[in-house]
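As given, the protein sequences belong to chains A and B, one line each in that order.
Be aware that the first sequence starts at 9, since it is given in the numbering used here, and climbs by one per residue.
Be aware that the second sequence starts at 837, since it is given in the numbering used here, and climbs by one per residue.
Since the hints were made in silico from the structure, they are not lab data.
The beta carbon of each residue, even a glycine, is placed where N, CA and C say it ideally should be.
Do not take every clue at face value.
No farther apart than 20 Å at their CA atoms in a straight line, the calculated lysine to aspartate or glutamate pairs in the EDC-like style are these [to be verified]:
id, chain 1, residue 1, chain 2, residue 2
1, A, K113, B, E880
2, A, K116, B, E904
3, A, K76, A, D62
4, B, K893, A, D10
5, A, K68, A, D10
6, B, K847, A, E24
7, B, K893, B, E850
8, A, K113, B, E921
9, A, K113, A, E16
10, A, K113, A, E23
11, A, K113, A, E84
Simulated DEER-style distance windows between Cβ atoms [claimed, not checked]:
id, chain 1, residue 1, chain 2, residue 2, range
12, A, G103, B, G864, 45 to 53 Å
13, B, R945, A, E23, 40 to 48 Å
14, B, Q919, A, S11, 25 to 33 Å
15, A, D63, B, K853, 24 to 32 Å
16, B, Q877, A, G103, 31 to 39 Å
17, A, T28, B, R945, 13 to 21 Å
18, B, A890, A, Q89, 44 to 52 Å
19, B, N888, A, G86, 31 to 39 Å
20, A, T13, B, V949, 31 to 39 Å
21, B, V848, A, A104, 14 to 22 Å
Listed below, chain by chain, are the residues.
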Amino acid sequence: GDSVTQMEGPVTLSEEAFLTINCTYTATGYPSLFWYVQYPGEGLQLLLKATKADDKGSNKGFEATYRKETTSFHLEKGSVQVSDSAVYFCALPPGAGSYQLTFGKGTKLSVIP
Amino acid sequence: GAGVSQSPSNKVTEKGKDVELRCDPISGHTALYWYRQSLGQGLEFLIYFQGNSAPDKSGLPSDRFSAERTGGSVSTLTIQRTQQEDSAVYLCASSLTTGAGYTFGSGTRLTVV
Numbered sequence: 009g010d011s012v013t014q015m016e017g018p019v020t021l022s023e024e025a026f027l028t029i030n031c032t033y034t035a036t037g038y039p040s041l042f043w044y045v046q047y048p049g050e051g052l053q054l055l056l057k058a059t060k061a062d063d064k065g066s067n068k069g070f071e072a073t074y075r076k077e078t079t080s081f082h083l084e085k086g087s088v089q090v091s092d093s094a095v096y097f098c099a100l101p102p103g104a105g106s107y108q109l110t111f112g113k114g115t116k117l118s119v120i121p
Numbered sequence: 837g838a839g840v841s842q843s844p845s846n847k848v849t850e851k852g853k854d855v856e857l858r859c860d861p862i863s864g865h866t867a868l869y870w871y872r873q874s875l876g877q878g879l880e881f882l883i884y885f886q887g888n889s890a891p892d893k894s895g896l897p898s899d900r901f902s903a904e905r906t907g908g909s910v911s912t913l914t915i916q917r918t919q920q921e922d923s924a925v926y927l928c929a930s931s932l933t934t935g936a937g938y939t940f941g942s943g944t945r946l947t948v949v
């Protein structure tokens, strides 16, 4: 079945550091790919998505490129801020015959001033 | 409403008591999901509703868990005879259709003491 493997945290960075959170997936075909973010005390919000191979999703300074050759969708940001401290989840939409989003285990990011 | 609303936001209950968690999805969204997020764990799928179809209950961890969705709108997740391992954040999400964008509520943090 579909699965998502995500870099485990926690990750602690200084403000303005470069961020990479790795995500690889196993799925049939070429599904859309998502990154969700969960700020402290809140629900999940869609951060960005890519719907086909070589697409780059971007939002709030974050980027992720859909690489079908490596089945990866790594999240990057050039200069993190304290306000980026959150838990980040890589996710697949429901596959054929399924109704579930498939999530990675989440990566907790803490950015210190 | 404008977003997915969950209540209560926090619930502390004694072991053995029953609890009800409520989810009010975005108006018009036919798909509704419940997920559980335990400390240090990823997101665990619990149940899925799509319109008037029979729900997919394959993720419910035991027969102490049940859920219903009345009139294709509000959903209630019930946990009977709560156990300490039920302590988690219970997240609800809705989408216009299966596979479309998902909007999550802020969750209910359940603590069983």
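Quick rundown of the hints versus the structure:
1. K113/A with E880/B: Cα-Cα ~9 Å, so holds.
2. K116/A with E904/B: Violated - the C-alpha atoms of E904/B and K116/A are around 32 Å apart, more than 20 Å.
3. K76/A with D62/A: The hint holds at about 7 Å.
4. K893/B with D10/A: 19 Å, holds
5. K68/A with D10/A: 28 Å, violated
6. K847/B with E24/A: Violated - the C-alpha atoms of E24/A and K847/B are around 38 Å apart, more than 20 Å.
7. K893/B with E850/B: 26 Å, violated
8. K113/A with E921/B: 18 Å, holds
9. K113/A with E16/A: 7 Å, holds
10. K113/A with E23/A: Not OK: K113/A and E23/A at ~24 Å, beyond 20 Å, violated.
11. K113/A with E84/A: 18 Å, holds
12. G103/A with G864/B: 45 to 53 Å: Hint violated: Cβ distance 25 Å, outside 45 to 53 Å.
13. R945/B with E23/A: 40 to 48 Å: 29 Å, violated
14. Q919/B with S11/A: 25 to 33 Å: Distance hint for Q919/B, S11/A holds at roughly 28 Å.
15. D63/A with K853/B: 24 to 32 Å: 48 Å, violated
16. Q877/B with G103/A: 31 to 39 Å: At 22 Å between Cβs, range violated.
17. T28/A with R945/B: 13 to 21 Å: 30 Å, violated
18. A890/B with Q89/A: 44 to 52 Å: 46 Å, holds
19. N888/B with G86/A: 31 to 39 Å: 48 Å, violated
20. T13/A with V949/B: 31 to 39 Å: Once the Cβ atoms are compared, 35 Å apart, the range 31 to 39 Å for V949/B and T13/A holds.
21. V848/B with A104/A: 14 to 22 Å: 41 Å, violated
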